[in-house]
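**Student:** From just these sequences and the hints, can you work out the full model?
Chains A and B are the protein sequences, given in the same order. Numbering of the first sequence is given in UniProt numbering, commencing with residue 1 and proceeding in unit increments. Numbering of the second sequence is given in UniProt numbering, commencing with residue 1 and proceeding in unit increments.
Check each hint, because a few of them may be wrong.
Claimed, not checked - Some, not all, of what chain A presents toward chain B, calculated at C-beta under 8 Å:
hint	residue
1	K37
2	N62
3	G72
4	E203
5	T220
I should point out that these hints are in silico values taken from the structure, not numbers from a laboratory. Positions of the beta carbon are idealized from the N, C-alpha and C atoms, including for glycine.
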Amino acid sequence: MSEPIKVPTLAELQAQGESPEIVFWVGCAGSFDERYKKVTATLCKILHKVGIKFAVLGTEENCTGDPARRAGNEFLFQMQAISNIETLNMYGVKKIVTACPHCFNTLKNEYPDLGGNYEVIHHTQLLQELIDSGKLRIKEGGPFKGKRLTYHDSCYLGRANDVYEAPRQVIESLDADLVEMKRSRRFGLCCGAGGAQMFKEPEEGKKDINIERIEEALETQPEAVVANCPFCLVMLTDGVKNKEKEDSIKVYDLAELVWMSQE
Amino acid sequence: MSYLPQILFVLCLSIAGFFIYKRVNFIRKAILLGKKKSVNDRKSERLRHMLLLAFGQKKMFDKPLVGVMHFIIYAGFLIINIEVLEIVLDGITGAHRLFAPYLGEAYSWLINLFELFAVGVIVTCVIFLIRRNVLKLPRFWSAEMKKWPRLDANLILIFEITLMWFFLSMNAADSILQSRGVEHYVQVGSFWFSQWLQPLFANMQTSSLVFYERFAWWFHILGILGFAIYITYSKHLHIALAFPNTYFASLEPKGKIPNMDEVTKEVKIALGLAQADDSPAPERFGAKDVTDLNWIQLMNAFSCTECGRCTANCPANITGKKLSPRKIMMDTRDRAEEFVRQLEQGKAIEEIKSEKSLYGDYITKEEIMACTTCNACVEACPVSINPLSIILDIRRYVAMEAGDTPNEWNVVFNNLETSMSPWKFPPTDRFNWVELVNKD
Ligand code: SF4
Ligand code: SF4
Chain A
1 MSEPIKVPTL
11 AELQAQGESP
21 EIVFWVGCAG
31 SFDERYKKVT
41 ATLCKILHKV
51 GIKFAVLGTE
61 ENCTGDPARR
71 AGNEFLFQMQ
81 AISNIETLNM
91 YGVKKIVTAC
101 PHCFNTLKNE
111 YPDLGGNYEV
121 IHHTQLLQEL
131 IDSGKLRIKE
141 GGPFKGKRLT
151 YHDSCYLGRA
161 NDVYEAPRQV
171 IESLDADLVE
181 MKRSRRFGLC
191 CGAGGAQMFK
201 EPEEGKKDIN
211 IERIEEALET
221 QPEAVVANCP
231 FCLVMLTDGV
241 KNKEKEDSIK
251 VYDLAELVWM
261 SQE
Chain B
1 MSYLPQILFV
11 LCLSIAGFFI
21 YKRVNFIRKA
31 ILLGKKKSVN
41 DRKSERLRHM
51 LLLAFGQKKM
61 FDKPLVGVMH
71 FIIYAGFLII
81 NIEVLEIVLD
91 GITGAHRLFA
101 PYLGEAYSWL
111 INLFELFAVG
121 VIVTCVIFLI
131 RRNVLKLPRF
141 WSAEMKKWPR
151 LDANLILIFE
161 ITLMWFFLSM
171 NAADSILQSR
181 GVEHYVQVGS
191 FWFSQWLQPL
201 FANMQTSSLV
211 FYERFAWWFH
221 ILGILGFAIY
231 ITYSKHLHIA
241 LAFPNTYFAS
251 LEPKGKIPNM
261 DEVTKEVKIA
271 LGLAQADDSP
281 APERFGAKDV
291 TDLNWIQLMN
301 AFSCTECGRC
311 TANCPANITG
321 KKLSPRKIMM
331 DTRDRAEEFV
341 RQLEQGKAIE
351 EIKSEKSLYG
361 DYITKEEIMA
371 CTTCNACVEA
381 CPVSINPLSI
391 ILDIRRYVAM
401 EAGDTPNEWN
411 VVFNNLETSM
421 SPWKFPPTDR
431 FNWVELVNKD
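**Tutor:** Structure below.
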């Protein structure tokens, strides 16, 4: 095995008098959710592989405050936001990549009003850039060649920020057969987790939202469902389990597909 | 010649004008119940957005067929207004087809064009009636589409058909009268579409024909005046408000929730980043009633066409939850109207607020809590209404004033305060994921 990958923190780099090209904002789900921790690790491997000098905040990172703001608790949101901005500004951070569309949206759109101005990109955008520029090479005839994949637009990457094409281009570059669900892009259906719904039981209704969405995904007869958000990943995976399809249909984050397909 | 018809006409015009003025004033008051918010930025971008969405009806073409049909009604409406100008001038001056001598050949062409649109409008209105009442499109039959909203939609379609019918049959009768050389009827020939209606009137005596022509003329113009009053009470107000509404819509990424600057101040003081000063604390955080919303949110409510595209795309509504973004807008409008009516009855603002409120009496907690903030409603709305912004402002009231958030959220708030994460993990464990990086 090759040399172990070192994931430096901003504090460590600063102690050595260095600064990273890009800061990887991991997010709470990326730090604590068992499933998404794997995506976090995968993205680190990709960053390491292409030789981008990156760093993380480690234990200095706090929740961006997204769920608090969307649940109506503006005080708590701003508490989190302002202390994060203090930290980021102290390290002189310029560019951030994150694998969570909620963190992406909050850092990019909401932190500037509180004094946090950074160039923020979502990991699907970074992946597209890396593949397009040839820094990350995809194997000919990789594991997803010709496979039917369906892509779920997360609300916070899609409608909230109008990023629809970058992740799709990545899927196409894997030679996969991208099959769209009936509701996609601007009309993509939410997985049901946004707006702090992830953390509470849904209101009474006929059905859970993730079930509605997974039924639509299954109509495309996919071999795998592709997500770009930790919460969508949980919701869709639960949906697939609910339909007892977990053996035949996997739910992946886009970064995982890329990692499995790279040269 | 008697001036009676002219006097009568001007009287009708003035009465209609008076009612419209009163009603417009009422709506203005209702919108201005909202908090001030100045929008002076990005003027050319706003103008472009307005031209595309209101004038060009861009989002209506998300469903191309419906888009085309709606466009026909809209273009018909705009173009026929030119004809109304002539009718009004005829009515005031007592002339007949005042523009004909000045336009010569072109006049017939113009009327032909109007007739083409009139026929187009009739056909589309009939299709729309069928779509609503026979095919029963679900979004026209959901819970908040009670009697009046449903009747409103149908009335306007029937109204337009009737108006167009009288316009066409008036022209048919007119053409016959011209051919009989009746005095007053200017020779302009017959027209493309109304000529096919002429057989209906061919056997009528001249006097009854004149009567019918006049009747149709009066009905047409009174109908239009009535229509103008009616739309101010109806969802059809969007034909006017769509313009300012799209102009003032947010140009920010949809995911951005506006910052509450009044909170920033307090948070900075709490974190020791700013000094306390003695400027007054805001009256209320978030929105409980229409007076806590801003005027753009209230204008949104009056611009709503009740089309239900928002609700048809709402994940909560699709899966059977009570939340319907359209209902949020309709409730906001109803409450704002009620508020102004009570003000006009002489009630004090405080009294009105203490008796009822938007949140609680119109909109329930169950609805507000079901929203995933997915922005599907905002994206779908053809006139740039933002139901989500009202939902979020009410959530802020629930969380920060009423302290009535669901228990599971209170747990999240607690975790965020103590562990800086929505889950209860020790902050020191946050970097433990790093162990996975070198594990395959
Ligand atoms: S933002 Fe809320 S109200 Fe609007 S469509 Fe999504 S869930 Fe429904
Ligand atoms: S808010 Fe917009 S989409 Fe919803 S009913 Fe009103 S006009 Fe239609």
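**Student:** Tell me if the interface restraint on T220 of chain A is satisfied: Cβ within less than 8 Å of some Cβ in chain B.
**Tutor:** Result: violated, 18 Å to nearest chain B Cβ.
**Student:** Would you settle whether the hint for G72 of chain A is holds or violated, based on the nearest Cβ-Cβ distance to chain B being less than 8 Å?
**Tutor:** With a closest approach of 3 Å, the G72 of chain A hint holds.
**Student:** Per the CB criterion, is N62 of chain A less than 8 Å away from chain B?
**Tutor:** Result: holds, 4 Å to nearest chain B Cβ.
**Student:** Should the hint that K37 of chain A touches chain B count as held when the rule is a Cβ pair under 8 Å?
**Tutor:** 4 Å, holds
**Student:** Have a go at the E203 of chain A hint: is there a Cβ in chain B nearer than 8 Å to its own Cβ?
**Tutor:** OK, holds: E203 of chain A within 8 Å of chain B, min 4 Å.
Consistency with the previously given hints fails for number 5 only.
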